[in-house]
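S.K.: Chains A and B, in that order, are what the protein sequence lines are.
Just so you know, the first sequence maps onto residues 1 to 604 in this note's numbering.
Just so you know, the second sequence maps onto residues 1 to 252 in this note's numbering.
Heads up, a few of these hints could be off.
Said to hold, decoys possible - Capping the alpha-carbon separation at 25 Å, the derived lysine-lysine pairs in DSS-like fashion look like this:
id, chain 1, residue 1, chain 2, residue 2
1, B, K219, B, K207
2, A, K351, B, K65
3, B, K54, B, K207
4, B, K65, A, K533
5, A, K533, B, K207
Said to hold, decoys possible - Selected chain B positions facing chain A (in silico; Cβ < 7 Å):
id, residue
6, F53
7, G57
8, T75
9, K186
Hints in this document: simulated from the structure, not taken from any laboratory.
Even glycine gets a Cβ: it sits at the ideal position worked out from N, Cα and C.
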Amino acid sequence: MPVNANSDQVLPALLARHRHNPTRLVQILREAQEALGWLSPQTLGIIAAGIDLPLARVTGVAGFYSFFHTEPRGRYRVLWSDNITDRMLGNQDLMQEMCKSLWLEAGHLSEDGLVSVDTTSCTGMCDQGPAILVNYRAITRMTSQRVAEVCELIRTETPVEQWPADFFNIDNNIQRADILLRSSLPPGDALRAAIARKPGAQSTLDEIKRSNLRGRGGAGFTTGLKWEACRNATGSGATPARYIVCNADEGEPGTFKDRVLLTEQADLVFEGMTVAGYVVGAHKGLIYLRGEYRYLLDHLESVLARRRAEGLLGHNILQQPGFDFDIEIHLGAGAYICGEESALIESLEGKRGVPRNRPPFPVTNGYLDQPTTVNNVETLAAAALIAKHGGDWFRQIGTEKSAGTKILSISGDCARPGIYEYPFGVSIAQVLEDCGATNVQAVQVSGPSGVCVAADDFKRRIGFEDLATAGAFMIFGDKRDMFEVARNFAHFFAHESCGFCTPCRVGTTLLKNCMDKIHAGHGSEYDINEIFKINHLLQAASHCGLGHSACNPMFDTLQKFRPAYERRLKSLAFEPAFSLDDALAQARQMTGRDDAGAHLATSE
Amino acid sequence: MNPDMTEPVSSPLVSSTFTLDGDEIPYAPGQTVIQAALAAGKYIPHLCYHPEFKPHGSCKLCTVKVNGRPASSCTTAAQDGLNVESETPDIKDKRRTLVQMLLVEGNHFCPSCEKSGNCMLQGLAYDLGVMSPHFPQIFPTRPVDASHPDTLLDFNRCILCELCVRASSEVDHKGVFALSGRGITKHLIVNSESGRLGDTDFAATDKAAEVCPVGVILKKRVGFAVPIGERKYDPVPISVQTVSHTHKKETV
Ligand SMILES: Cc1cc2nc3c(=O)[nH]c(=O)nc-3n(C[C@H](O)[C@H](O)[C@H](O)COP(=O)(O)O)c2cc1C
Ligand code: SF4
Ligand code: SF4
Ligand code: FES
Chain A
1 MPVNANSDQV
11 LPALLARHRH
21 NPTRLVQILR
31 EAQEALGWLS
41 PQTLGIIAAG
51 IDLPLARVTG
61 VAGFYSFFHT
71 EPRGRYRVLW
81 SDNITDRMLG
91 NQDLMQEMCK
101 SLWLEAGHLS
111 EDGLVSVDTT
121 SCTGMCDQGP
131 AILVNYRAIT
141 RMTSQRVAEV
151 CELIRTETPV
161 EQWPADFFNI
171 DNNIQRADIL
181 LRSSLPPGDA
191 LRAAIARKPG
201 AQSTLDEIKR
211 SNLRGRGGAG
221 FTTGLKWEAC
231 RNATGSGATP
241 ARYIVCNADE
251 GEPGTFKDRV
261 LLTEQADLVF
271 EGMTVAGYVV
281 GAHKGLIYLR
291 GEYRYLLDHL
301 ESVLARRRAE
311 GLLGHNILQQ
321 PGFDFDIEIH
331 LGAGAYICGE
341 ESALIESLEG
351 KRGVPRNRPP
361 FPVTNGYLDQ
371 PTTVNNVETL
381 AAAALIAKHG
391 GDWFRQIGTE
401 KSAGTKILSI
411 SGDCARPGIY
421 EYPFGVSIAQ
431 VLEDCGATNV
441 QAVQVSGPSG
451 VCVAADDFKR
461 RIGFEDLATA
471 GAFMIFGDKR
481 DMFEVARNFA
491 HFFAHESCGF
501 CTPCRVGTTL
511 LKNCMDKIHA
521 GHGSEYDINE
531 IFKINHLLQA
541 ASHCGLGHSA
551 CNPMFDTLQK
561 FRPAYERRLK
571 SLAFEPAFSL
581 DDALAQARQM
591 TGRDDAGAHL
601 ATSE
Chain B
1 MNPDMTEPVS
11 SPLVSSTFTL
21 DGDEIPYAPG
31 QTVIQAALAA
41 GKYIPHLCYH
51 PEFKPHGSCK
61 LCTVKVNGRP
71 ASSCTTAAQD
81 GLNVESETPD
91 IKDKRRTLVQ
101 MLLVEGNHFC
111 PSCEKSGNCM
121 LQGLAYDLGV
131 MSPHFPQIFP
141 TRPVDASHPD
151 TLLDFNRCIL
161 CELCVRASSE
171 VDHKGVFALS
181 GRGITKHLIV
191 NSESGRLGDT
201 DFAATDKAAE
211 VCPVGVILKK
221 RVGFAVPIGE
231 RKYDPVPISV
241 QTVSHTHKKE
251 TV
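Please build the complete structure, drawing on both the sequences and the hints.
M.R.: Following this line, the structure appears as structure tokens:
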């Protein structure tokens with residue numbers, strides 16, 4: 001983060017480049033922060049004036065995203081990925097080492113204003129954790145030695161650009177490839193096939209429908225129907241249009257397959273977007289790339305530039321008059337909820353990432369209120385292959401209800417974590433065998449918002465008819481404490497709730513507090529009942545999928561691993577969360593004492 | 001799997017009533033369930049819904065069951081033949097829980113609050129039979145803003161319904177209020193560099209000054225003009241009052 005740049009020099013050009021357009025606000029804020037280190041009130045004021053929005057609106061957008069700072073965070077901002085898989089690899093001890101070495105407290109800026117260290121939600125490096133972000137660049141496989149090296153580089157104020165390049169190596173870890181990850185489709189071939197299919201775009205839509213392709217982002221909606229609804233919808237207003245959005249937010253903890261697809265098969269993804277543009281009649285595509293994957297930006301931009309040069313993007317693509325399509329990349333800024341398609345669209349429009357009321361759905365009223373197709377990265381890559389090889393080819397892969405392949409991101413207790421692409425229908429047991437996992441207690445399929453599968457269910461299969469998944473596959477060996485798994489997920493949801501609706505905004509924090517209370521040994525049967533009660537409310541009254549699934553981890557582990565809770569409970573019917581001894585922690589810290597005499601005697 | 005839906009809802013047959021707890025409710029095209037219900041003299045609890053503004057769908061007090069599935073009645077379009085359940089023990093219980101959540105999320109000391117008796121949150125709590133906040137208090141730190149000559153902001157009581165945000169931007173065209181933060185740290189901010197209301201162009205005559213359902217945006221110098229016990233929701237429950245009020249307006 002260069003800090004000598006000053007806002008008067010940077011901002012006018014930046015605002016001009018974004019044409020003073022308020023719908024670009026999130027991108028403006030990100031670029032301003034990259035140039036200036038943080039978003040000072042002065043910076044926010046200039047931006048607000050530049051795009052003609054009230055200052056409070058701009059401040060409110062900045063305040064929504066956890067990667068935007070409206071307070072100085074130091075020249076070095078270290079964030080430890082805090083997924084359960086990072087924890088299992090010892091991230092908490094390593095972070096403590098780092099804080100000690102740098103003389104600071106997690107969550108606070110060092111006294112000299114140089115550095116801050118904190119945690120962040122899963123950064124999508126679970127197969128090579130513990131992972132950190134330093135000024136939003138990923139470093140994986142942290143060890144004590146690497147912590148010492150990083151601290152030294154920070155103390156000597158070495159610019160991150162000059163840190164050893166191998167620190168920033170990120171592995172793809174492809175352990176099993178199938179049609180997507182093995183694809184060597186030459187760029188443009190799918191588009192040529194789509195154009196050649198007569199009488200027109202409808203024929204390729206028919207292939208997509210015939211293929212039975214369903215969304216890979218979690219909800220599993222039939223892609224052909226979504227494209228058809230968007231194609232049939234008409235735009236409105238002064239600039240009617242249709243849009244294709246590629247959802248590369250990949251925020252579900254334990255999921256990292258879109259990162260690998262975008263690294264290895266960017267052409268296939270862009271080709272899928274362009275095919276979608278051709279079928280739906282859209283001229284613009286947008287990729288919403290999570291901020292954690294900022295390091296992919298240059299690579300993706302270079303692939304886009306090459307495709308433009310090859311006539312695969314831009315005007316009259318492949319010499320087809322009127323076939324105009326181009327792709328723009330937007331970066332997120334640390335908000336899981338922006339993976340939800342309507343929140344994503346809000347964020348693309350430069351707003352706080354709050355899910356919209358639906359209906360209307362994005363296919364009729366999406367980006368800038370125009371018909372919009374939102375698809376996951378993997379869905380679009382598969383669509384490109386279908387455009388080339390046809391729907392019948394695709395649907396003979398996988399099972400009857402689940403056509404094609406699914407990419408799993410495998411992490412946790414196994415010998416070979418990484419990326420595995422399987423035809424749908426593979427059993428959990430088979431996957432566990434392939435990745436070298438033994439003595440497995442449970443697998444969390446599809447992340448915290450998915451399901452926790454216990455050992456007696458390992459014959460279950462990946463597929464829409466049984467275990468639908470967005471790709472996360474986290475493995476827990478028999479020594480792991482499933483209560484701690486659920487508690488980690490409870491913290492995740494509380495941190496990521498957008499706060500729009502009452503049940504989720506308050507409920508996720510109450511759940512988190514409840515789990516912390518049980519963890520601290522103050523829980524009772526009463527608290528378990530509270531969890532069930534909040535679960536019912538979240539399911540029934542939440543505004544979006546985040547709230548609906550926010551209690552799943554507690555609900556699942558209470559059903560399947562109740563002893564993990566019970567051994568922590570006091571037998572009383574109710575225990576207050578308050579502990580007199582904990583209340584003295586601040587006094588202990590101020591006096592630098594932690595000896596027995598500084599604690600209240602406990603009668604246990 | 002994330003259970004969000006992407007499917008467009010198919011359009012209904014043309015007709016003009018749905019049932020709410022067994023009663024036939026007529027509706028006009030474009031009305032949502034709550035709008036039709038209130039117009040017909042049937043109360044559904046609500047906090048973020050206000051008849052002069054577009055439904056917001058955030059407080060979830062208006063949650064009902066539509067054809068067996070939970071939905072917000074303020075944003076659900078009225079359609080022919082819908083079967084809406086509202087006053088069931090299960091739904092009332094959920095509403096009580098929501099009120100309790102709002103109570104522990106902020107700092108509500110009703111006996112000393114100028115809005116007591118005129119407060120929709122308090123009125124709803126009484127009406128629903130909420131006997132205690134139930135959950136452990138969260139006790140957020142929310143400083144009071146007394147910088148404006150005519151208006152006091154006591155953020156301790158904010159339930160984040162965004163009515164002031166909407167009123168200031170849509171009616172007053174000022175954008176005095178906005179939201180910042182996210183999740184449980186979401187909070188109201190005002191549009192000035194100092195962050196204080198006194199430095200904005202807010203006026204006590206603004207629409208935003210009169211929409212707050214709870215005791216955040218308060219007129220200065222009129223404290224306790226009407227004694228507690230004789231205020232709006234003191235003699236008659238909020239449910240009865242809201243519908244007789246709306247009903248009167250509709251039938252005049
Ligand atoms: C809280 C939440 C987070 C989500 N995150 C993602 C995500 O990171 N990536 C994704 O593709 N879909 C995500 N989704 C699903 C999207 O809303 C949407 O269904 C999907 O992008 C549609 O693409 P598909 O049909 O190709 O799966 C999320 C949904 C919810 C409710
Ligand atoms: S359920 Fe949670 S994430 Fe979804 S809108 Fe409500 S507060 Fe936001
Ligand atoms: S101040 Fe009042 S009107 Fe504004 S958001 Fe808070 S509760 Fe709603
Ligand atoms: S009144 Fe419907 S959600 Fe608030």
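S.K.: All hints, please: hold or fail.
M.R.: These are the hints, each one checked on the structure:
1. B/K219 to B/K207: holds (13 Å)
2. A/K351 to B/K65: violated (31 Å)
3. B/K54 to B/K207: holds (15 Å)
4. B/K65 to A/K533: holds (18 Å)
5. A/K533 to B/K207: At roughly 38 Å apart (the allowed maximum being 25 Å), B/K207 and A/K533 break the hint.
6. F53: It is violated, given that the least Cβ distance between B/F53 and chain A is near 13 Å, above 7 Å.
7. G57: At about 5 Å, which falls below the 7 Å cut-off, the nearest Cβ of chain A leaves the hint on B/G57 intact, so it holds.
8. T75: holds (5 Å)
9. K186: holds (4 Å)
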